[in-house]
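Make the full structure from the sequences, and use the hints.
These protein sequence lines are chains X and U, in that order. Each residue of the first sequence is one higher than the one before, starting from 1 at the first, in the numbering used here. Each residue of the second sequence is one higher than the one before, starting from 1 at the first, in the numbering used here.
Don't read these hints as lab results, they were simulated from the structure. Among the hints, erroneous ones may be present.
Said to hold, decoys possible - Selected chain U positions facing chain X (in silico; Cβ < 10 Å): (1) L16; (2) L20; (3) V24; (4) V39; (5) V47; (6) V53; (7) M58; (8) L66; (9) T67; (10) I71; (11) L78; (12) T91.
What the hints assert, rightly or not - Far from chain U, by Cβ distances over 10 Å, these chain X residues were calculated: (13) R100; (14) E139; (15) I180; (16) Q182.
None of these values were measured; they are calculated from a predicted model. All C-beta atoms in this analysis are idealised placements derived from N, C-alpha and C, irrespective of residue type, glycine included.
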Amino acid sequence: MASEAQATQPETLALREQFDTAEQQKDASTLAMWIFLITEVMFFGGMFAAYTIYRSTYPTVFAIASTSLNVVVGAINTCVLLLSSFTMVMAVRAGQLGHRNLIVFFLILTLIFGCIFLGVKAYEWNEKFEEHHIPGQAEFHLEGTPLQGPAKLFFSLYFAMTGLHALHMVVGVGILTVLIVQARKGKFSADYFTPIDISGLYWHFVDIVWIFLFPLLYLIDRHLPK
Amino acid sequence: MQHEHIDSVKTYALVLIVLLSLTVLTTWVSFIDLGNFSVVAALVIAVTKMLLVSLFFMHLRYSTLLTRLVILGGLMWLAILLLLTLTDFFTRGWMGVPGR
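This is the structure we're talking about:
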């Protein structure tokens, strides 16, 4: 009888009523998160397809526009994001080991790195604004090419892709904040840290998107004399 | 959880160092004239970094067969999205089409 089983084994966070074992529950959560991430892959995939088509149509303008981006700031920001992925996986590891204080410590570090990334991104966008490199600005002008239309295309893709990436980062920062509050209350242990685990998957996915965005947006034919 | 695989801090630190080195490498290589291979080099490094993040940080090495199958299926759909779009786009000029 189900009610009898319920009485002998009370429902816990690690083992909800509908699952046979805690392992099964964890596998189900991981699988569901990956299915969500696949939808995200398709979402960003459409933009990468648009990028590929326009870059192959206007290779020179894209190279000139790409070179106008600040490569040092972009590379440093990539490193910041990779560092945040490292601290995130360390938080998951602390969860596996059941070190509650370390979970909070590494989640806060991840949050800080995520905020630094967003801050640097805001600085870069402001720079674009001052350089009149924002499509839609009346004074839009990219130096070094007569083709201002395709230049606007590059910056439209730049802002759409980095903007949606940053939006995912903002969501990630929100998730991290909730996790930190829950971890401080002692919700997680070695038996149950699934929210940290699957939030980690999300955070690493956002990192992977940037791993592709950085070379594709910042590093087009840097060797060409402009 | 007794079936949990726990990687050492050393492993994660090593992966991080490789990831940071690859970031420097991809930046450096973009300043070298490789012709059309510039984009190939950039993508090979990016895919390598993606594999490192997914295999180690996302624990794909320890994932269930079902999860791997779902990811593989997802990547297949991404390939359809990219390849079919691009085959259409890049072959449009191959033949003269009346009225265009």
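(request) Find the hints from earlier in the document that the structure breaks and name them by number, from lowest to highest. (result) Failing hint: just 12.
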